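Undergrad: Here are the chains, one letter per residue:
Number of protein chains: 2
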Amino acid sequence: MDAERPDQHIQPTHLAVTERTRHRRLRDQGSTRVADLDAILRAGFVCHLGVVVDGTPMVVPTVYGVDFESRTLFVHGSVASRSIVQAPDATVCVSVTHIDGLVLARSVFEHGVNYRSAMVYAVPRLITGGDELLHGLRVVTEHCTPGQWDYARRPNSRELAATSLLALSLEEASVKVAAGPPDDADGPDGELGLWAGVVPLRSRFGAPEADPALPVGIAVPAHVAALGGGSPGN
Amino acid sequence: MDAERPDQHIQPTHLAVTERTRHRRLRDQGSTRVADLDAILRAGFVCHLGVVVDGTPMVVPTVYGVDFESRTLFVHGSVASRSIVQAPDATVCVSVTHIDGLVLARSVFEHGVNYRSAMVYAVPRLITGGDELLHGLRVVTEHCTPGQWDYARRPNSRELAATSLLALSLEEASVKVAAGPPDDADGPDGELGLWAGVVPLRSRFGAPEADPALPVGIAVPAHVAALGGGSPGN
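From first to last, the protein sequence lines are chains A and B.
For reference, each letter of the first sequence is one residue, going 1 to 234 in UniProt numbering.
For reference, each letter of the second sequence is one residue, going 1 to 234 in UniProt numbering.
Since the hints were derived computationally from the structure, they do not count as laboratory data.
Predicted model only: the values in this text are computed from it and were never measured.
It is possible that some hints are incorrect.
Okay, the calculated bits of chain B under chain A, using three or more residues with CB under 8 Å as the criterion [claimed, not checked]: (1) 139-148; (2) 191-201; (3) 209-219.
Listing some non-contacts, in silico: residues in chain A with all C-beta distances to chain B over 12 Å [stated by the list, open to error]: (4) Pro12; (5) Ala35; (6) Arg42; (7) Thr72.
Per label pair, the in silico range of CB-to-CB distance [said to hold, decoys possible]: (8) A:Gly55 <-> B:Ala207: 40 to 50 Å; (9) B:Gly230 <-> A:Gln11: 37 to 47 Å; (10) B:His223 <-> A:Ala162: 43 to 53 Å; (11) A:Gly147 <-> B:Ala162: 46 to 56 Å; (12) B:Gly180 <-> A:Ala219: 16 to 26 Å; (13) A:Gly30 <-> B:His223: 30 to 40 Å; (14) A:Thr128 <-> B:Thr56: 23 to 33 Å; (15) A:Arg42 <-> B:Ala207: 22 to 32 Å; (16) A:Leu192 <-> B:Asp38: 30 to 40 Å.
The beta carbon of each residue, even a glycine, is placed where N, CA and C say it ideally should be.
Please take these sequences and the hints and turn them into a complete structure.
TA: This is the structure we're talking about:
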């Protein structure tokens with residue numbers, strides 16, 4: 001992939017704001033920068049997919065991957081497929097959230113959480129076969145574990161027939177980032193003599209653990225070893 | 001709290017199964033044990049709340065707390081309140097998910113994620129005042145940071161008037177746990193000579209970081225220092 005592809009220059013740098021992505025709150029800093037959305041999507045591999053099934057909202061955790069060139073989010077999930085069959089034109093919501101810490105203020109009222117979150121809205125396409133299914137599976141696999149698509153055995157026709165993905169266009173999204181210390185140092189609460197600050201929370205991969213059934217002598221491949229100690233997406 | 005409260009013996013030990021909590025899939029191990037649900041709820045403090053607003057599902061990350069005696073889940077969130085005002089009798093879905101690792105199999109098809117997840121369904125009550133609001137705020141505060149309710153300044157009447165919670169009964173829930181190595185060691189894929197196993201993912205609190213505006217000489221309180229290095233809920 002060339003760093004200077006011509007079509008890079010026609011990608012919008014900011015998200016259009018819609019009624020449901022307009023930011024209403026204060027401390028949660030809303031962003032419309034595409035770069036902020038992409039950073040949040042890169043830093044995780046599990047989303048929460050919201051669909052309506054039989055009239056009830058369902059929030060299903062599932063893996064995802066992003067094709068940043070076509071700006072397509074691919075989501076795995078059988079519950080999702082059920083909702084699409086029921087309502088092919090219905091919008092779904094995919095949320096990706098990273099929790100960065102507890103914000104402990106002087107007053108309970110000012111307590112909060114530092115986080116980065118993206119809520120993507122789209123009418124998804126159900127992908128059940130063809131080149132796009134294979135492409136989407138590659139995107140999801142590589143998003144979770146870069147290098148794994150070329151290492152593992154790829155899906156055969158029987159497996160592809162048992163697999164479906166949702167494809168969502170990354171056009172409408174609400175991006176929020178809350179960061180930094182509590183903000184009640186000023187005013188009377190700052191005089192209470194109470195400790196205030198942030199307790200950071202971090203997610204890290206540990207060292208790869210071989211399947212106990214693995215024959216002796218098969219080494220951890222470099223792309224898997226590289227995950228150990230790092231965060232998803234890094 | 002006595003370990004042997006008489007009413008403990010009338011709490012059900014298993015969840016009733018409904019059409020939407022019946023488990024349909026294989027590797028994701030469904031559980032109906034109340035103890036498994038409770039362990040998942042204890043191990044986190046941010047949920048994803050699914051509501052329908054103006055006909056669209058929204059998946060909103062927000063903090064929660066659990067009163068295990070009354071089996072009530074308290075959820076924070078202004079979007080939630082909007083959905084309740086629109087549809088007071090509507091069911092919502094609250095999902096709590098912990099990602100424990102990437103499961104790297106020999107074949108892409110057998111790849112997966114180790115996780116623990118609870119999806120709670122209920123018609124929530126909107127709590128906007130009175131003793132129950134104060135109780136709910138205490139539950140949420142103590143769930144996130146045990147000891148903090150007695151340490152920080154509690155909400156005054158003006159702050160309480162600006163706060164609302166949802167209360168959900170913990171009666172209907174779908175609990176799933178996927179754990180362990182990939183299961184494609186048997187069969188032809190086991191002969192491919194490929195590495196397979198799990199890359200664990202862990203969330204840990206770091207050392208507390210004082211608000212830069214904190215006056216010199218205010219020590220980190222013991223209940224906050226105790227979080228450092230541990231996981232939420234431990």
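Undergrad: Return the numbers of the hints above that this structure violates; sort them in rising order.
TA: Hints that this structure does not satisfy do not exist here, as all of them hold.
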